[in-house]
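Enquirer: These protein sequence lines map, in sequence, to chains A and B. For the first sequence, counting from 1, position 92 maps to 92 in the numbering used here; every step adds exactly one. For the second sequence, counting from 1, position 1 maps to 1 in the numbering used here; every step adds exactly one.
Don't read these hints as lab results, they were simulated from the structure. Among the clues, some could well be false.
What the hints assert, rightly or not - Pairs of lysine-lysine, DSS-like flavour, derived with a Cα cap of 27 angstroms:
#1 LYS172/B - LYS143/A
#2 LYS70/A - LYS29/B
#3 LYS70/A - LYS56/A
#4 LYS172/B - LYS212/A
To be verified - If you only want the chain A side, here are some residues facing chain B, beta carbon under 10 angstroms, derived:
#5 ILE5
#6 LEU7
#7 ILE12
#8 ILE18
#9 ALA20
#10 PHE22
#11 VAL23
#12 SER36
#13 GLY50
#14 ASN53
#15 VAL74
#16 ILE84
#17 SER117
#18 PHE129
#19 THR146
#20 GLN195
No experiment lies behind these values; they were computed from the predicted model shown. Just so it is clear, CB atoms sit at the ideal spot from N, CA and C, and this is done for glycine as well.
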Amino acid sequence: MRVQIPLIITFIVGIALIVAIFVPHDPFHRMNEEFSVYFDLIAVFAFILGGGNLLKIHGNRISRRSRDWKYSIVTVVGFLTMLIVGAFKIGGPPGLTGDVTAEGSWFKFMYDSVFVSCQATMFSLLAFFVASASYRAFRAKTKEATLLLIAAFIILIGRTPLGHYMTGWLPQQLEFLHIPNLSNWILSIPNMAGQRAIMIGIALGIISTSLKLILGIERSYLGGEGK
Amino acid sequence: MAQTLELWIAALLTFMIFSFLYKDNPFYKFAEHLFVGVSAAYWMVIGIWSTLMPNLVARLWPSSVSGFINMPEDAQPEYHFIIPAIFGILMLTRLVERISWLSRWAMAFVIGFAAGTNFTRYLQSDFVGQIYNSMYPIIVKADGGFALGATISSIVLIVGVICALIYFFFSKEHTGAFGAASRLGIWFLMVTFGAAFGYTVMARISLLTGRIQFLGSWLASIF
Chain A
1 MRVQIPLIIT FIVGIALIVA IFVPHDPFHR MNEEFSVYFD LIAVFAFILG
51 GGNLLKIHGN RISRRSRDWK YSIVTVVGFL TMLIVGAFKI GGPPGLTGDV
101 TAEGSWFKFM YDSVFVSCQA TMFSLLAFFV ASASYRAFRA KTKEATLLLI
151 AAFIILIGRT PLGHYMTGWL PQQLEFLHIP NLSNWILSIP NMAGQRAIMI
201 GIALGIISTS LKLILGIERS YLGGEGK
Chain B
1 MAQTLELWIA ALLTFMIFSF LYKDNPFYKF AEHLFVGVSA AYWMVIGIWS
51 TLMPNLVARL WPSSVSGFIN MPEDAQPEYH FIIPAIFGIL MLTRLVERIS
101 WLSRWAMAFV IGFAAGTNFT RYLQSDFVGQ IYNSMYPIIV KADGGFALGA
151 TISSIVLIVG VICALIYFFF SKEHTGAFGA ASRLGIWFLM VTFGAAFGYT
201 VMARISLLTG RIQFLGSWLA SIF
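If we strip away everything but chain B, and leave its shape as in the complex, we get:
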């Protein structure tokens, strides 16, 4: 019974959203607004049960959650978790206009954390990591002989990285040899965007196929 009801609700909502292809209409608006409400509550609930209860309430007040969260019997309160609790409450002051400026303190922590972690993470994995991965022999030998295909690929890759980086370099005017390299960089970037575009089209079409298959299974359940 529950499975049939689930199938019918999902099928009706799917039709309601697809009706937007004709034009904006009350059915689409209904599904859209329902989705907004349900998804906001979904992430809240997941956050409460997967993070807030085990990492805040259980650590500050272990005995309060002993009935419904697996905790060691002799768990002691960790009072330093009062810090994120205070920051969290400060975050909620955003809803009260008179004291909304206090939410900046919580935002400051979030920004500081993001800046601190991203500074080293991007320096290591993206900046140094990508340069390191581009440093390899241009002339490639395989089975004791010269590998033409692999050598061409290596040259194209290194020239591509350098030229595309030149395109992003705005401290010098893009004229002469520098401008030519920059134009070549644009071509490499266009190939990258084309590949990304092709992948996006494929991903969306596979999602559409999935929904059409779902509607097929719903129709099969009726007849």
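In isolation and in its complexed conformation, chain A is listed as follows:
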């Protein structure tokens, strides 16, 4: 029951969706649409599971007075405040009937002031780490590293006004060496060639893994007992 039933569910759902592509009529067509909604619904339960897990982990940290437990209080308070304000649509003009993300609602206020600012700053912080990674990557030690360096450099320069200033004086016959043109060519030809090969490779990997999952050959998602 712990192994066979999940394998049967995966097989039935997977096969039904593949058949739906080749037989786009009811009941398969309808199953395809309904399964898509089911999937979204289960994804919401996964979010709820994530919230529950967050409370469990940080609750344990607080009760055991583990390292940095005081920050866990911040997580739990932030989580519960946002959850209560959003789930019960507390505060702001729309009330229970309106949109939870409506302008002026408390939920939108918390979203703009905490979520958006923290997310944007966290990602912008990566600019500094990328700068340090650039320092390491931009050392032309091998032929391959030199190619990476040249491509990145041309893309960076070609997408800024600096590229126009540097090679804007080139005559018509040498226009292809103008850095923005070179940048566009790299993006649309050699970069595209590499991307296509990567995409074909990824597609083959996903197709074979999907087939292994549907046929029950790949069982690692069942945990240790599935082997």
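Given the structure of chain A, go ahead and fit chain B onto it with the hints provided.
Expert: Then chain B, alone, in the frame of chain A:
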């Protein structure tokens, strides 16, 4: 008032996160933990109001949500939605160790759905689609004459795709002509990674510029 408060909270959190550039410190940890809690709740709330209420509760029990979700007055319950409800509850059993194995049934549905849709999607759009897009004339003519630039580009593209694919082919030893093609494939891949790296650097720097502009507007609101 609310706008000023929002600006101040956002500015303080921005400074707290930037303080990590000096070293890990209590201000950064505070902002980091707050972000984790708030973002987990945000996605939960969005999921509840945009998916769970209209697609599950409203379909199983239409009269219960008539006050706050737009529903036709004569909406009838669709009982087959009990299936995702059961799978969803099974997913939550993960929190109770004794019966956590039941969550595999929900995971099995998710895995089956992902495998079924991705199998055909990637076969169509990525595998067949990319091969199809690579099949075009090598010799290019334009305005009745031979177009040298476009022809070179076509050759580079096709040679690049084939050589990069050869690099990913591990069933034959990369020696001789096969090895040379594989090495050429690495060069194309390096150009691809370089382009991706350049784009990533630009995206992050534009985000940083955005935050600095925000701090500028916050300072302007003070003075």
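Enquirer: Now tell me, hint by hint, if it's right for this structure.
Expert: Hint by hint, here is what the structure shows:
no.	hint	in the structure
1	LYS172/B - LYS143/A	24 angstroms, holds
2	LYS70/A - LYS29/B	10 angstroms, holds
3	LYS70/A - LYS56/A	15 angstroms, holds
4	LYS172/B - LYS212/A	24 angstroms, holds
5	ILE5	6 angstroms, holds
6	LEU7	7 angstroms, holds
7	ILE12	7 angstroms, holds
8	ILE18	5 angstroms, holds
9	ALA20	8 angstroms, holds
10	PHE22	9 angstroms, holds
11	VAL23	12 angstroms, violated
12	SER36	8 angstroms, holds
13	GLY50	6 angstroms, holds
14	ASN53	7 angstroms, holds
15	VAL74	4 angstroms, holds
16	ILE84	9 angstroms, holds
17	SER117	4 angstroms, holds
18	PHE129	8 angstroms, holds
19	THR146	9 angstroms, holds
20	GLN195	6 angstroms, holds
The structure fails to meet hint 11 from the earlier list, while all remaining hints are met.
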